[in-house]
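Chains A and B supply the protein sequences, listed in that same order. The numbering of the first sequence is our numbering, which starts it at 55 and goes up by one. The numbering of the second sequence is our numbering, which starts it at 4 and goes up by one.
These are computed hints drawn from the structure, not numbers from a lab. Don't take every hint at face value.
What the hints assert, rightly or not - Stretch-level coverage of chain B by chain A, calculated; a stretch enters the list once three of its residues show a Cβ under 8 Å from a Cβ in chain A: (1) 32 to 46; (2) 74 to 80; (3) 106 to 115; (4) 231 to 243; (5) 259 to 272.
For glycine and all other residues, C-beta sits at the position ideal for the given N, C-alpha and C.
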Amino acid sequence: MIVSQKPIEIVNILTHSNRIKTFYLKLKDRIRVAPGQFMMVWIPDAEEIPISISYFNGSTMGLTIAAVGETTRQIHKLKIHDSLYVRGPYGNGFKIPRGINKIWIIGGGYGIAPLLLLAKKASSMNVKVISFLGARNKDELLFYDQFKLLGEVFASTDDGSEGFHGDVTTLVEKYLSVSKTDLMYACGPEDMIVKLIKLACNHNLNLQASLERLIKCGIGLCGSCCLDPLGLRVCRDGPVFPLKILVKLNELGCYYRSPSGVKVKLSD
Amino acid sequence: MSINVSLGALSLRNPTILASGILGTTASSLIRVYKSGAGAVVSKSISINPNEGYKTPVLIDLGYGYINSMGLPNPGLDEMIVEFKVVKSKKVKLFGSIFASDIDEFKYLASKLTDYVDALELNLSCPTKMGVGLEIGKIPWMVEETTREVYKKSKVPVIVKLPPLVTLIDELTLAAEDGGASAVTLTNTAKAMKIDVFSKKPILQGVYGGLSGKALKPLSLACVFKAYEVLSIPIIGCGGIYSWEDAVEYILAGAKAIQIGSAIVSEGLGIFKKICIGIKKYLEENNIDKINDLVGLAHRR
Ligand SMILES: Cc1cc2nc3c(=O)[nH]c(=O)nc-3n(C[C@H](O)[C@H](O)[C@H](O)COP(=O)(O)OP(=O)(O)OC[C@H]3O[C@@H](n4cnc5c(N)ncnc54)[C@H](O)[C@@H]3O)c2cc1C
Ligand SMILES: Cc1cc2nc3c(=O)[nH]c(=O)nc-3n(C[C@H](O)[C@H](O)[C@H](O)COP(=O)(O)O)c2cc1C
Ligand code: FES
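Using the sequences and the accompanying hints, generate a full structural model.
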């Protein structure tokens with residue numbers, strides 16, 4: 055674990071699209087990483103933000119970052135040999151229970167990134183992996199070729215530039231009429247997660263999903279990422295939660311809390 | 004063997020309390036901590052209007068403690084009352100923490116909140132936000148006046164939370180007592196900072212933060228010990244409590260109850276139960292009937 059904000063050199067940058075890049079960092083500290091865990095990432099004069107780990111081989115770590123606002127756009131300006139300050143890894147990742155033979159991995163947008171680490175781990179345990187990846191366009195089907203090396207892949211894009219023209223959850227639903235799975239894993243936009251929870255309940259399938267809320271401290275102290283009605287913390291008790299918890303989180307798809315803690319409605 | 008304690012008119016099922024600002028913004032979180040074994044929970048410090056706090060980074064993990072500069076984020080009085088109603092419906096022992104920049108605001112907050120909490124805790128000691136907190140908490144006459152005005156508006160006991168200013172703590176706590184406080188919480192975090200040697204800049208956006216956790220304990224403990232010699236109202240110890248040994252140290256110094264914050268990171272929410280079990284065992288082994296008989300024993304010399 056890297057405890058305090060520490061600058062780490064960027065040794066490579068992979069540009070997926072004009073919006074998404076993966077930064078590779080060379081770590082000197084020995085750390086352990088579970089798929090689904092996140093780092094707190096900072097550069098001076100910007101904010102510190104949570105980013106999931108998309109690659110790790112013991113010494114090099116990949117962080118796949120979508121430029122959506124102030125801080126992420128600043129990070130996108132960095133070049134090889136610049137540094138990102140990181141601390142972590144934090145949170146509970148995806149778990150692969152014993153006796154599982156076949157899993158489905160469902161990723162939407164930059165949510166695809168952390169699932170690559172999971173797909174690799176499952177594969178190395180001889181678990182059969184089928185992936186459903188959804189993105190805006192072909193370029194943002196992150197690590198598409200790498201997922202293909204690990205098993206069958208079904209893709210969907212909003213613009214129809216690759217695979218199914220439409221929603222990744224529709225793709226999953228279609229596939230459910232011909233096949234079944236022991237366990238689904240999901241990371242992506244909240245409306246995708248909410249749909250998958252319903253699908254899992256209706257089809258009697260199991261699910262683990264990674265959630266997002268406002269992360270400030272990252273270590274379970276400040277309470278800014280708490281979920282109703284159980285008071286579970288995304289940064290510490292999550293970000294990955296099992297179905298039996300997910301079904302109880304009545305705020306999912308309805309609201310989240312702003313930096314002050316005021317409830318903000320999720321509109322759809 | 005019972006470990007319930009009374010702080011003036013307040014009685015708690017055990018002496019462990021969740022410190023303010025730790026998991027204290029939402030009802031569901033406060034209820035979860037109470038269910039995990041705390042004797043009472045203190046809410047995040049509340050202001051009249053919503054406050055976003057500082058931009059991240061707001062936390063530095065030093066390894067031997069934390070520096071935070073949350074900047075008192077809270078959803079404001081009206082939203083918090085909604086949360087408090089839920090908390091109270093679950094029979095949770097709840098202290099409402101408040102902060103303000105002048106006495107009129109303090110009076111307003113106290114009069115609005117007094118119906119929804121078991122006690123009010125005045126945060127006169129936040130080191131991160133200018134103009135509120137520490138600016139009042141380091142000046143005895145301001146502590147006394149603020150306490151008195153809140154006391155007049157409150158139907159519930161008023162607890163005053165002070166900064167770890169060891170050299171001033173006897174005057175500050177006496178001022179709180181004179182103002183009508185039922186208890187004091189010693190202490191809040193200590194003003195602290197960290198500089199990044201690579202960018203040559205302070206890491207925290209607010210420059211200063213508050214030091215909590217292990218590094219704070221000797222300071223807060225000295226405050227409790229010193230205040231016990233002059234005070235007649237009960238003291239709640241707070242700062243770097245990680246184990247029953249830490250808790251007993253505070254009780255021996257003069258605290259009747261203790262608050263826990265930072266230790267939740269490494270010890271988890273089970274810490275409240277664990278400390279209670281430890282204290283019970285210690286009392287048994289020392290043939291002491293109740294916590295009260297342990298309070299301040301380190302002063303016998
Ligand atoms: C556990 C976790 C893992 C994440 N992993 C990744 C990842 O691997 N790759 C990636 O690109 N992004 C990830 N995110 C989201 C990322 O943290 C936000 O996109 C980032 O904080 C936005 O910062 P900004 O200043 O650029 O944008 P802002 O200007 O702050 O906001 C732009 C948009 O992002 C949303 N946003 C802002 N802060 C957060 C936050 N803390 N959590 C969620 N949404 C936020 C805002 O509501 C807004 O819509 C993750 C978030 C969480 C909670
Ligand atoms: C993240 C964080 C937020 C805090 N917020 C508040 C607050 O809103 N009001 C307050 O009176 N104290 C606040 N404190 C101080 C704690 O209540 C406590 O006094 C201090 O952390 C020392 O206890 P500890 O060492 O057990 O953490 C905060 C502390 C931390 C670490
Ligand atoms: S971000 Fe502070 S508790 Fe999760």
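Self-check item: Given coverage of the segment 106 to 115 of chain B by chain A, checked by CB-CB distance under 8 Å (3 or more)
Solution: violated (count 0)
Quiz prompt | Whether chain A covers the segment 259 to 272 of chain B (at least 3 residues having a Cβ closer than 8 Å to its Cβ atoms) | solution = Check passed, 4 qualifying residues.
Practice problem: Count residues of the segment 231 to 243 of chain B with a Cβ under 8 Å from any Cβ of chain A, then say if the count reaches three. | Solution: Our answer is that it is violated, as 0 residues pass the Cβ test (under 8 Å) against chain A, missing three.
Practice problem: Mind taking a look at whether chain A covers the segment 74 to 80 of chain B? Criterion is 3 or more residues with CB to CB distance under 8 Å. | Solution: The restraint on the segment 74 to 80 of chain B holds, since 4 of its residues have a Cβ under 8 Å from chain A and three suffice.
Self-check item: Check of the segment 32 to 46 of chain B against chain A for coverage (Cβ-Cβ below 8 Å, three residues minimum)
Solution: Three-residue rule met by the segment 32 to 46 of chain B, so holds; n is 5.
When held up to the earlier numbered hints, the structure conflicts with 3 and 4 and fits the remainder.
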